[in-house]
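For the sequence shown, the residue numbers in the working numbering are 2 to 233.
Hints are not guaranteed to be accurate.
Stated by the list, open to error - List of simulated lysine-lysine pairs, DSSO-like, C-alpha gap at most 27 Å: (1) Lys64 x Lys177; (2) Lys167 x Lys196; (3) Lys87 x Lys31; (4) Lys194 x Lys64; (5) Lys52 x Lys226; (6) Lys194 x Lys38; (7) Lys226 x Lys64; (8) Lys196 x Lys64; (9) Lys64 x Lys53; (10) Lys40 x Lys87; (11) Lys177 x Lys196; (12) Lys40 x Lys199; (13) Lys87 x Lys53; (14) Lys203 x Lys72; (15) Lys203 x Lys64; (16) Lys196 x Lys38; (17) Lys40 x Lys53; (18) Lys167 x Lys52; (19) Lys177 x Lys40; (20) Lys40 x Lys167.
To be verified - Label pairs and their in silico Cβ distance ranges: (21) Leu102 x Thr60: 34 to 42 Å; (22) Met26 x Ile178: 37 to 45 Å; (23) Gln173 x Met97: 54 to 62 Å.
Everything labelled a hint here was simulated from the structure, so no lab data went into it.
Where a beta carbon is used, it is the ideal one built from N, C-alpha and C, also for glycine.
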Amino acid sequence: MLEMLTRFMDKSSIHTMHVDLEIAMHSAIKRVLPNAKIKACQFHLAQAWFKKIQGLGLTPEYKDQDSDIGKWLRRFFALPVLPAEKVEESFVNFIMEDAPLDERCGRFADYILRNYIDSALSDFPHPDFPPEISTSTGTGNTKNSCESFHRYFGENFTSPNPNIYKFIEGLQNEQKIIIIKRQSIVNPVCKRKQKLRKERKKSELSRQYEEGELTCAEFLDQMSKRMLPAHL
């Protein structure tokens with residue numbers, strides 16, 4: 002599919018691919034678009050980690066704001082916004098140094114190390130952790146809007162493999178709707194104030210860390226509170 006799509010566009014114009022953590026997708030992008038930068042979906046990264054926490058029976062501790070284990074687990078979720086060269090050092094010095102004496106915590110840390118940090122052990126075909134996640138206020142950090150559109154667009158068809166002419170007709174109808182919507186927009190849609198404040202705070206924390214106003218431990222603790230999806 003990716004190869005087919007690139008036949009209709011200039012490969013050199015594709016600078017970034019925003020995807021989830023499927024190994025097959027990462028491999029395909031590296032093969033078809035070797036110069037494109039892969040950006041991981043923050044939501045799906047957190048979702049994968051939380052699923053592991055659930056599987057280890059650590060959910061009660063994770064949700065307990067006063068639990069030392071919970072505070073330790075939540076610190077992991079700030080790792081993806083550190084500079085890539087700082088991740089392994091921070092994992093060792095500011096996470097494993099304070100690891101609770103609980104066998105489940107050891108298994109969770111080993112899962113993160115093997116799958117996301119140590120490229121020699123990782124199944125992912127690229128050596129860089131973290132998969133880049135934007136913390137700027139101008140760029141989204143999830144691909145949920147894409148998945149929402151796919152579900153909505155799929156409702157136009159009664160079969161998972163529609164006739165090609167029906168599919169093209171659906172695309173043409175969707176294009177007409179999008180044109181009408183764009184023409185009806187007078188002012189850009191503003192983000193909700195709460196989300197905007199959260200993004201600004203994340204950017205400010207990153208700045209404070211980069212300029213030495215926050216230690217790595219302080220940064221991980223403060224940023225982790227703002228990196229968790231609302232439903233986790």
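Between Lys203 and Lys72, does the CA-CA distance stay at or below 27 Å? holds, 18 Å
Hinted pair, alpha-carbon criterion (27 Å max): Lys194, Lys64. Please report holds or violated. The given pair, whose Cα atoms are some 26 Å apart, holds under the 27 Å limit.
Quick one, are Lys87 and Lys53 close enough, alpha carbons at most 27 Å? holds, 24 Å
So if I understand the rule, the pair passes when the alpha-carbon distance is 27 Å or less; does Lys177 with Lys196 pass? With a Cα-Cα distance of about 31 Å, the restraint between Lys177 and Lys196 is violated, given a limit of 27 Å.
For Lys64 and Lys177, compute the direct alpha-carbon distance and say whether it is at most 27 Å. violated, 46 Å
Take a quick look at whether Lys40 and Lys167 sit within 27 Å of each other, Cα to Cα. Violated, at roughly 33 Å.
Could you grab the alpha-carbon distance between Lys203 and Lys64 and see if it respects the 27 Å cut-off? Distance ~21 Å between Lys203 and Lys64 Cα, so the pair holds.
Taking only the CA atoms, is the gap from Lys167 to Lys196 under or equal to 27 Å? Judged against 27 Å, a Cα distance of about 39 Å means the pair is violated.
Are Lys87 and Lys31 close enough, with their CA atoms no more than 27 Å apart? Holds, at roughly 24 Å.
Proposed proximity, Lys40 with Lys177 (alpha carbon, max 27 Å): Between Lys177 and Lys40 the Cα gap is close to 30 Å, so the pair fails against 27 Å, i.e. violated.
Starting from Lys40, check that the Cα of Lys53 is at most 27 Å away, please. holds, 22 Å
Satisfaction of hint between Lys226 and Lys52, Cα-Cα up to 27 Å: holds, 18 Å
The structure is inconsistent with the numbered hints 1, 2, 6, 11, 18, 19, 20, 21 and 22, although it conforms to all the rest.
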